[in-house]
Every structure is written in structure tokens, then in C-alpha cells.
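Trainee: As a plain string of letters, each chain reads:
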Amino acid sequence: MNFYPEFEVVRNDSRCIRCRVCERQCANEVHWFDADGKVMLSDESKCVNCQRCVTLCPTRALKIVKSDCRLRENANYSDQTIKEIYRQAETGGVLLSSMGNPNPLPVYWDKILINASQVTNPPIDPLREPMETRVFLGKKPDHITRNPDGSLDTTLSPQLSLSMPVMFSAMSYGSISYNAHASLARAATELGICYNTGEGGLHEDFYKYGKNTIVQVASGRFGVHKDYLEAGAAIEIKMGQGAKPGIGGHLPGTKAVGDVAKTRMIPEGSDAISPAPHHDIYSIEDLRQLVYSLKEATEYRLPVIVKVAAVHNIAAIASGIARSGADIIAIDGFRGGTGAAPTRIRDNVGIPIELALAAVDQRLRDEGIRNNVSIICGGSVRSAADVVKAIALGADACYIATAACLAMGCHLCRSCHTGKCNWGIATQRPDLVKRLNPDIGSQRLVNLMTAWRHEIKELMGGMGINSIESLRGNRLMLRGVGLTEKELQILGISHAGE
Amino acid sequence: MKRIYVKEEWCLGCHLCEYNCAFANSGMTDMVKALRGKEIYPRIQVETDENGVTYAVSCRHCTDPICVKSCIAGALSKKDGVIEIDHSKCVGCLTCVLVCPYGAVVEDGTGVAQKCELCMTNSHGTPQCVKGCPNGAIVFEERGEAE
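Protein chains in written order, with my numbering: chain F, 179 to 676; chain B, 18 to 164.
Don't read these hints as lab results, they were simulated from the structure. In this text, a Cβ means the ideal position worked out from N, Cα and C, and glycines have one as well. Fair warning: there could be bad hints in the mix.
Using 30 Å as the maximum straight-line C-alpha spacing, the simulated DSSO-like pairs for lysine-lysine come out as follows [as the list claims (entries may be wrong)]: (1) F:Lys386 - B:Lys55; (2) B:Lys148 - B:Lys19; (3) F:Lys216 - B:Lys106; (4) B:Lys19 - F:Lys241; (5) B:Lys86 - F:Lys241; (6) F:Lys440 - F:Lys244; (7) B:Lys148 - F:Lys598; (8) B:Lys106 - B:Lys24; (9) F:Lys404 - F:Lys389; (10) B:Lys50 - B:Lys148; (11) B:Lys86 - B:Lys50; (12) B:Lys19 - F:Lys216; (13) F:Lys598 - F:Lys224; (14) B:Lys86 - B:Lys19; (15) F:Lys216 - F:Lys261; (16) B:Lys96 - B:Lys148; (17) B:Lys106 - F:Lys598; (18) F:Lys598 - F:Lys244; (19) F:Lys440 - F:Lys404; (20) F:Lys386 - F:Lys440; (21) F:Lys318 - F:Lys473; (22) B:Lys148 - B:Lys24; (23) B:Lys50 - F:Lys440; (24) F:Lys241 - B:Lys96; (25) B:Lys96 - F:Lys216; (26) F:Lys598 - F:Lys241; (27) B:Lys55 - B:Lys148.
A short, non-exhaustive set of chain F residues, derived as facing chain B with CB atoms under 10 Å [as the list claims (entries may be wrong)]: (28) Ile195; (29) Cys197; (30) Arg198; (31) Gln203; (32) Asn206; (33) Pro236; (34) Thr237; (35) Ala239; (36) Lys241; (37) Val243; (38) Lys244; (39) Ile425; (40) Gly602.
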């Protein structure tokens, strides 16, 4: 069934100089030059609205607009809903989507406001006074122990030291390109934070960035071996992902080419399927075994992170993880991104990270085990304000991936699963991968994080707080607007005006 | 001296450098007015080899420039390391085009020769191909080569 295209290419012919940049840069082959009529023509049905052509057009002769041609919609059956049914009636297949949940579900960050000092408790000017943004993730001691000679025992569990409470979240080599990984690795190293390999192994070229790398062990165990585990600054066991809780992953064989296959340790061209469960984990005790296997393999030098999707019983799950021997819990909310997920799962499974984070922090505090673990919050942390709110709700640090992709050039067209990313990020096609120059990509990531760090300091200073440590779990610094009693109760914050 | 260098690893073959060059040397302030409906004669040109590798070629500003030596009209000269062309002296014999080993001297569409002068002789003062390259594939830097 044919539909009128979702987007229209609007070309202002009076500005077009026929340089054909749009044609050369569109991997979807929307544009072409008609030599007879000496005009640029386009096939809008192929356009994904990534705006590569718009960005590079030197005379601003192009724009892409959403088509206003809709099917006969009603409040129950939207244009999209109807078309999805048509597509499935045609193909019999599961709908696939990329990036985070786009639906108008509540974004609690936007309903939380931050405090500032006035009169009695003076704000701090971060340009004039020192502000501490360094955090250490890992198990903290709950009592003081002394050596036989009476001196303090200063041995700590392994800690992950970060110059600011933000890290680049897991994106595998395979789901994103070599140059995207190079950009993330170099930026993390320059910033003194960490990036995360995701479940795709670590390319041999990137072992040198190991001090700023979190190596992931997921259900498919792709690319996992002793050197890999020892290369990182921390090991992350991925139990779930916010975009697709309860299911595994699937890297199509077409993407498992060359170094991707080698790094994953799979035959070239074979599908890399991560099972939904870890087949050796059916209980907290099983998880504990894997945590300690990994610790044993790395001689107890590295903290172990357990990453889970935010789901209904997240507080109880986190409580179990905190008792499993894990050093850090990463919680991924339902708006977290993905390179490909079944649409129905991405859009309907999981819970908002804000509620999950507050519930977990409260539960661990109530049980007296909050110091056993650090908490990382991920799943659509979009700005320095979101970071500050997350810290105040109880997070030790945040994971960002969508924002990091945007910094590298992603235009959020949500077509990662096609493998034809025009920005050189979510693709393995060599001609597209080279579009992301890591010199530029890493610099833009460093710029973004530097800007956020300034903003975090400004926001903290306004509250009269000069250290991230004093902000963590400090929910008195937050107020809700337009939230119900129940929502406020779960978030553990008061309503504005209270 | 600073020269233009190309990092073919990052060249996307988008040809924007050619259009930025043609506009920079058009003397006009609006790209549409300068280039729309016209054939362009850029001083930097993207070439593609048999493996599909693309790279932009422009004057290397050679230490010992054969084009300057071969010019029968004295139109080509070297000033502070930059090889410049005086269009009023060029007689259009195009010997320079023939002798340049890089193919970096080209005819300008009116019969006389033209070549990259690093945007030093137009109103920009800094190479516009470098400034406009979307992927950092053309750089303008000092690499310690002899002038």
C-alpha cells in the first residue's frame, strides 16, 4: 500500500546552485540531478528527515517539512497507528524503531524545580570559589576499621573516579561506528570520565583508553575475554536496557563485518543475537556468582556495575543487586535510546527513570544498604539541569548516550536500524563511517561536557552547595509542579510552595 | 609557511570546497548571485582515484615551482612563499597548466590561467575551502616544509 511520504523536500530553486552536495551526501538517495532539465529532483518517499542535506546545503536552498497529508485520523486512530497496521498487514513482521520512546508520556524532570539560596544561606559564585564535581563510584565503608598498630585501615573497595558525575552510556561497536567509538573514547579520556563499550567487545585500537572505559558483559558474552575484562576501569553486567526491558539484542549479520565480527569474536556475516536472559542467571545468588567470577578474573581491582532497566519492582530488584556484591547499580529508564528495538516494547515497557531512581534510593536507604552501592541514572538525561535533579533524587552519576550522539552530529531521525546513518554514527558502511571525523566528534563531546560542568557548578552554587557530595539525595533542593500526591510521595519531594 | 594539506581519510567527496573556492574568488557577497546558473572554475578540485578515494587538489606552492619557471609572460611569481598570478600579464599560453605535476593550475574560463593563492589575494585572507570543509579534511597548517 502506498502512502504519501511522511516528509516533503522543499527546494527553493531560486537559491539552488546545483552543487549537488545534497545528492552526494544522502545515503537514502533522495536527491538527484536531472542533466536534461538542469534541475535537482527528489524522491521524498526515501527521506528520513535526518537533515544532512539541509545542514550541508551552502545556500540554504533546502528544507524538509513534515507532510500535512494525513489519513483520516481520529482521536483513537492516529495517522501513525493506521499506517502501522497497514505495514504489519503487508509484512507480517514486528515493527522496529530506534532511539528513545517518542510518545508524550510524562517527563518528570520537567515537573521538578531546583532551589536557590536567598538572604540567609548565601549562594556561592563558582567563578570565584572552588566547586567540587569529582565523584567516586563504588562501595563505601560503613564503619572504621583499624590495623593492629592502631592506625586507620585505609583500604577501600575499588572505586571509579570521575571528574564530573556524567558518563557516556553503553553503545556497542557494531551498533555505532569505529569513529563514534573513537570519539567517545578520546573525549572520555580528555574529560576524566568513562565511556562504555556496550556488548560488542573492545576494538584492539581502543585498549589504550582502558582507564576511561567501562567494559560490558551482556547476555551474548560477545567479545568477552580476560584481556578485555582487565582492560577497563570497571565491568558492567548488562541485565537490561531501558529501551527494551525483558528482551535481548540483535545485530544483523550485515553489520557484523570485518573488525566488528572480529571484536565480537563471531564469524563474519553471522547475526549476533543476545538472549533475553543471561542463561546462567535466574536469581540474585546466580548474579552474585557472575559478579564474583568477574571480580576474581580481575583480581578484585575493578568495581562491578549491574545495569538493569527501570521496571515495576525496581526497588526490590535494586535491593537484591545491592546485596549481590555489585559495587554500582545502573538504572536505565524507559526513555533510553537504542539502535534498534521492537516498537511496541520500546514504547510500552518500563517506567520513568525519575520515579525508579527515587524509589531505589529510598529503598536502599530504608534498608541501610545505600552505602553498599553507587547508583547511576540513565535513560534520557538531556541537560545539566537533569543531571542536578538526578543527583538530588539520589543518583551518584548519570549515563548519557542520546545527548552524546547528538553532540557527535546525530539529528535524531530515529532510523539507526536502517544502518544508513548519514552522520557516520549508527552505520558500518565505510563511506558513511568516515563522515564522523573523531578529531571533530571528540572535541564536540568535550565541549558539551565542559558546558554541562559549568552549568552544574552554577546550579550548585545557586543552592549554596559547593560539592556534588552535598547534593546527592538532597531532595529538599527539589520541588514538584503539577504532580499528584502519589507522584510527590514516590519522588520524595514537596510540591512547589510547600 | 602555512600550506593547505588534504587528509583524504576524511574527504567525503562532497565538492563543497570547489563551490566555496569559486564563491570566495567571485568578488561577490552572495553565493547564489555568484554561482547560480554558472559553470564554476574552482582553484581546488576534488579528484577520485580508481578505488573511490577522494581528495581535493590545489596548488602545493612548491619550493621550486616549475610553473613560475615556465611562464613566458612573467605572470607567475613567488611572494613570501605563495605563488601568485598576475592576470593582467597572463597571455593564456597555458604552459603552466601543462607543466604543473599536480594539475593544480587551471584555465579560468576566460582563457587565462588561475591557481590557488590561499585566498591571500581576495577579500577573505584565509582559505575558504578549509573553513567550509564539513569534516576537517582540508587543513591550513605549518608543517615545516621549505618555502
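Trainee: Does each hint hold? Answer for all of them.
Mentor: Each hint tested on the structure:
no., hint, in the structure
1, F:Lys386 - B:Lys55, "51 Å, violated"
2, B:Lys148 - B:Lys19, "14 Å, holds"
3, F:Lys216 - B:Lys106, "36 Å, violated"
4, B:Lys19 - F:Lys241, "38 Å, violated"
5, B:Lys86 - F:Lys241, "50 Å, violated"
6, F:Lys440 - F:Lys244, "41 Å, violated"
7, B:Lys148 - F:Lys598, "27 Å, holds"
8, B:Lys106 - B:Lys24, "34 Å, violated"
9, F:Lys404 - F:Lys389, "16 Å, holds"
10, B:Lys50 - B:Lys148, "21 Å, holds"
11, B:Lys86 - B:Lys50, "37 Å, violated"
12, B:Lys19 - F:Lys216, "39 Å, violated"
13, F:Lys598 - F:Lys224, "12 Å, holds"
14, B:Lys86 - B:Lys19, "22 Å, holds"
15, F:Lys216 - F:Lys261, "36 Å, violated"
16, B:Lys96 - B:Lys148, "23 Å, holds"
17, B:Lys106 - F:Lys598, "51 Å, violated"
18, F:Lys598 - F:Lys244, "21 Å, holds"
19, F:Lys440 - F:Lys404, "16 Å, holds"
20, F:Lys386 - F:Lys440, "18 Å, holds"
21, F:Lys318 - F:Lys473, "17 Å, holds"
22, B:Lys148 - B:Lys24, "14 Å, holds"
23, B:Lys50 - F:Lys440, "52 Å, violated"
24, F:Lys241 - B:Lys96, "44 Å, violated"
25, B:Lys96 - F:Lys216, "41 Å, violated"
26, F:Lys598 - F:Lys241, "20 Å, holds"
27, B:Lys55 - B:Lys148, "23 Å, holds"
28, Ile195, "4 Å, holds"
29, Cys197, "5 Å, holds"
30, Arg198, "7 Å, holds"
31, Gln203, "6 Å, holds"
32, Asn206, "16 Å, violated"
33, Pro236, "6 Å, holds"
34, Thr237, "5 Å, holds"
35, Ala239, "8 Å, holds"
36, Lys241, "15 Å, violated"
37, Val243, "21 Å, violated"
38, Lys244, "25 Å, violated"
39, Ile425, "36 Å, violated"
40, Gly602, "9 Å, holds"
Taken one by one, the earlier hints fail for this structure at numbers 1, 3, 4, 5, 6, 8, 11, 12, 15, 17, 23, 24, 25, 32, 36, 37, 38, 39, listed in ascending order.
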